[in-house]
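Q: Spelled out, the chains give:
Number of protein chains: 2
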Amino acid sequence: MPVNLALPMKGDLKPIHGVRLGIAEAGIKRPNRKDILLIELALGSTVSGVFTKNRFCAAPVQVCREHLAQKNDPIRTLIVNTGNANAGTGEEGMRRARASCDALAQQMNLKPHQILPFSTGVILEPLPIDKILAALPSAIRNLKEDDWYSAAEAIMTTDTQPKAASLQINTPEGLITLTGICKGAGMIHPNMATMLGFIATDAAVNQTLLSQLTQEAADLSFNSITIDGDTSTNDSFIVIATGQSSVRIESQTSPTFLAFKEGLIQLSILLAQMIVRDGEGATKLITIEVGGGKNTDECERVAKAIAHSPLVKTAFFASDPNLGRILAAIGYAGIDDLDVSRVQMYLGDVWVAKDGGRNPNYQEADGQRVMKESEITVKINLGRGDASRTIWTCDLSHEYVSINADYRS
Amino acid sequence: MPVNLALPMKGDLKPIHGVRLGIAEAGIKRPNRKDILLIELALGSTVSGVFTKNRFCAAPVQVCREHLAQKNDPIRTLIVNTGNANAGTGEEGMRRARASCDALAQQMNLKPHQILPFSTGVILEPLPIDKILAALPSAIRNLKEDDWYSAAEAIMTTDTQPKAASLQINTPEGLITLTGICKGAGMIHPNMATMLGFIATDAAVNQTLLSQLTQEAADLSFNSITIDGDTSTNDSFIVIATGQSSVRIESQTSPTFLAFKEGLIQLSILLAQMIVRDGEGATKLITIEVGGGKNTDECERVAKAIAHSPLVKTAFFASDPNLGRILAAIGYAGIDDLDVSRVQMYLGDVWVAKDGGRNPNYQEADGQRVMKESEITVKINLGRGDASRTIWTCDLSHEYVSINADYRS
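These protein sequences, in sequence, are chains A and B. The first sequence begins at 64 in the working numbering and counts up one residue at a time. The second sequence begins at 64 in the working numbering and counts up one residue at a time.
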């Protein structure tokens, strides 16, 4: 049961001029399930991507990097399959990823390097390429602009519901529309996650600015969430700018650039938080704000130590203000010269730890009250600088164990 | 239900001449439960300790470090309480840790700095010092040599059974006896764990050699296990050499030294594995051997990435050979120049991943067979050097969540 996550309303998901979506059922893992998504882009679109840092990155991730690196021909179509990650599959996995690009290029009258392939699902199993190839004609036939809801459904794995949102920005140059979809559930961790995210806009954004904005948005959103600390082999976050609206984003100093950047980050965070809200077995959304650090890196280390601690996460699941576990996580986060007597900790509005020890005015009943909420903020001040970092995570429940013990069966 | 962990047989636990044990029930957390242990050492004993690296280390850990650092008077008594960690308790926590040393010193005619205090239990709650002081006379009255089984019981927290073992070594200079006890269960992670470990021997070992051996034994045992990746505020591993036997260990090159070292490491590993076997909710003991690394450090990082992955741990719980999760963990362990095409992975005797991809001869039924066993070895070869590292861990079960969601209630 996701945490305060409403189903997207189909009417709220705005089509993006220049993007068409095609869905098919290839029966990759199970029959009668949408498992293929094509995203076709109009000529003139720019595309940028941020990918997993996992050394065992999947074959499609390697192919994506290659195809984005070539500058001869623009990217024109993305193909996504669920049910199989095509990771840990060696040379044969690379051949199959390329085969899907080859077949799609031929049917769409493109070159193979104009296709970006994406896969998500079980690792170490051969990609059933024949099933995928057989489904391509039907996916191509289905291509249409107004189908983002189905697109969000087509990329789900252990997600309990589709994740999608749109956002519109009025700029001096006109209206910009952004629509995004993502999938997550487990193996979610910065850099990045078993996570696929796609955002498209009708603004025109030049390649340099788009690459920079994609990385910035990823860092503040999909790279700021963690479910279980596992970094997947397949994470990909793609931003597409079709340029079909009148708005041109060409300079970092223009008000339009700033408005677009803010909107892109806002939508990315919204989508990333949806992943946490629907984290495997999640019953609570936890925001961890670490401030007072010497630099962002040490704040991030503290926030992640808390976010990854199974003891902290099970305490949140139980609504048990066993808050010493948070102090312990701060203590082992690797800041060797941390003066714990300067550390403050708040749970919601309750000041729990003062100057490194229990706040004499702290009442367990106050901690208990906050722990019972479904969205909880932990604030830490390290008392040694001005840097800060925010990370979102969820609790660790029985359901997490059930889901991951049963995932393949 | 611990994994293949027999109860220690009282008759197998050898007394160590020069060590007396005193147990009491102070009612620190619950009534009618052994929760105080005194370990009294004969004059002439040497003592060495390795402690948590957590910056929020508990008050007793700080006092232990101080008392071990002073060379004026030898350590003569250890006092251990369960039920409260006296961690995250600030200056008042320090005062209470010292108060227990003061009171015990007075009653035993020692100086306070001849006492080492240890606490384990809930963090961030005030130590009920009055209860501890009230129980001291009874603990002192109970002091006797032959009570290691009760001593092991007295330091348990969420452990389901006492952990203790003895070992005897025939050396050219005579018989050496070692007896050890430990407690673990959750918050177990290298450097070190919610872990207390005490080993005593009747050999005489000079202070320099004892310190060196204590660190070496800790690294290969208690610093090589992990339950949940959480590093506790209270971990302590203490080795005591009473010198009451005829055996003197004074040179690193003597056969006696080598025999003693081997025995100490063997006993430490045995005790450390008992902690994993009785890890919170554990149903399996997993040995992770990473070889072929450029150095020990990178092997350790890979082994820990696997050992800490909730996805890997839940797959072991489910006996599901979802082994791609292990490859993913190798990939995000932080070896930036890892050539995955040189990586081999074995599950027990089954060659699963060959040259970075699925071994063409691998049959899922073979993986399934190994996954059903209660003790499983994962072997990884990184194919880039000669270094290796072994880490022990357990699976992640429903029971882990239950225990940690209910720990305080």
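Just to be clear, a hint being listed does not mean it is correct.
When chains are identical, the list treats them as one kind, so a pair holds in a single copy or across two.
Stated by the list, open to error - Quick list of in silico lysine-lysine cross-link-like pairs, DSS-like style, CA-CA up to 27 Å: (1) Lys-97 / Lys-77; (2) Lys-116 / Lys-73; (3) Lys-324 / Lys-417; (4) Lys-134 / Lys-417; (5) Lys-417 / Lys-207; (6) Lys-134 / Lys-174; (7) Lys-116 / Lys-357; (8) Lys-207 / Lys-116; (9) Lys-77 / Lys-442; (10) Lys-92 / Lys-417; (11) Lys-194 / Lys-442; (12) Lys-435 / Lys-92; (13) Lys-435 / Lys-97.
These are calculated hints, taken from the structure and not from any lab test. Just so it is clear, the structure is predicted and the values come from calculations on it, not from any experiment.
Q: Broken hints, numbered, in rising order?
A: When the structure is compared with the hints, numbers 2, 3, 4, 5, 8, 9, 11 and 13 turn out to be violated.
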